[in-house]
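Chains as they are written, first to last, in our numbering: chain A, 1 to 417; chain B, 1 to 77.
Honestly, the hints are just simulated from the structure, not real lab data.
Warning: the hint list may mix true and false statements.
To be verified - To give a feel for the contact side, a few chain B residues facing chain A, derived at Cβ under 10 Å:
#, residue
1, 17
2, 20
3, 36
Being a predicted model, the structure only gives us computed values, none of them experimental.
Built from N, CA and C at the ideal position, the CB exists for glycine as well.
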Amino acid sequence: MKEGWRRRVVITGIGVISPLGLTAEKTWEGILAGRSGIGPITHFDSSDSTVKIAGEVRGFEPEKYLPEPTIRKTDLFIQYACAASFMAVEDSKLTREEVASERTAVVIASGMGGIPAIEKTFYLVNEKGHRRISPFFIPMIIPNLAAGMVSITLGAQGPNTCPATACAAGTHALGEAFGYIRHGVSDLAVAGGAEAIISPVAVGGFNAMRALSRRNEEPEKASRPFDRDRDGFVISEGSGILVLEEFERAVGRGARIYAEIIGYALNSDAHHITNPAPEGIGPRRCIQLALKDAEIGPEKIDYINAHGTSTKVGDINETNAIKAVFGEHARQLCVSSTKSMTGHLMGAAGGIEAAISAKALHEGIIPPTINLDHPDPECDLDYVPGEARKKEIQYALSNSFGFGGTNGCLIFKKWEG
Amino acid sequence: MSVENRVRKIISDHLGVDAVKVVSDATFIDDLGADSLDIVELVMAMEEEFNIEIPDTDAEGIRTVNDVVQYVSRRVS
């Protein structure tokens, strides 16, 4: 491959399953309405749990997407990944024959894989012994089986991988897939993230870190990024998947293009397992690297879909990083955390937030940050409080930061056709 | 329900195949679309249903629906 050889990459399909709805359209409607998808936990009996709220997907019917025996052999995150992937492919108007190719990559992140199946199996072993473990237990729980099942079902024979980089995983998946197309490894990619870990151990584990909101009495107000009264993030579930396509090919077939991906970067804080490095140095450098990759100046960015999880430290850290990179322009651009509505989809967050960023560019509407009643004095940017804002924008940045000090940033450009 | 019908129902439910296809001489892998993991799971389901333990050496000999019916009938009689 010759030096600097790069192909352009566009987004031609979107599939989403989220606490705001069972499709990308329903989710986007929820975002525009500034609706919260957070509610009381129903996936398990949370009466003994300190945290009793989460962003659950409601009314999901796996049988609409998968045959009954496959449903029994897959944990929920795999089912969400399949549903969102099939919807994304359908949305792209590509035929299944076109997708079933050696030139199609599947890169689907999952932060934690099949935690609920691990828990159920543990109880089963205690009760009935190890001989009762299902032969499908391992393929049910390993995080890359979301990508595996999607590639098997679609017949996609290109790269098939799964970043498991915690809350940055979805962004890393899209960045990786972007690279495959950009550098000529693949022409198409089905990429994003899937997560379904609303279970006693996962919720209890994050609660043990004091990372979760305990606003059990007002679930819809619990996720409140940048607000002074925020007290942690809210665990959510679902999947956000994009179809990425090589530019010439997409234009050649007259595809509807949502946006172009023009830059991607990833780096590390190299600081602490869960605490961000002081002054947001990791995210700051990551944003700068993404801008460099996109070959644009910081003043071009109109909108930032923030990582914005609603934790005390994280929100301030990200705000500082944005100020450091964008200087005066930080006061002009819009920043919003759609986690205020969706909650935190963990390894799927980067997937759904890329989908939302692409929709924002495509429709000329900036999503709001809800529950921002009293901004933290240290969070003093324009976070688009309360209501979505109609505004034509050209460039958007999506941030994701994960435990382990891992960061990822994607830059999208409006498609002008 | 007879042993045979119980066996057939489990096979049909687990593999998601129409009950009419679960005929005596149907092979699990070629005719019913099962893989090696499905067969392990089926054996476990038979163990639960009939409260027996099926050693791996016995399970390895199972090829057709009739193999299971014969084996289980022998074990439960």
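Hints, verified against the model:
Using the Cβ-Cβ criterion of 10 Å, the hint placing residue 17 of chain B at the interface with chain A is satisfied: the shortest such distance is roughly 9 Å. For residue 20 of chain B, the interface hint is violated, the least distance from its beta-carbon to any beta-carbon of chain A being 17 Å, above 10 Å. Annotation: residue 36 of chain B was flagged as interfacial toward chain A, and the flag holds, the nearest CB pair being 8 Å apart, inside 10 Å.
Checked against the numbered hints above, the structure violates only hint 2.
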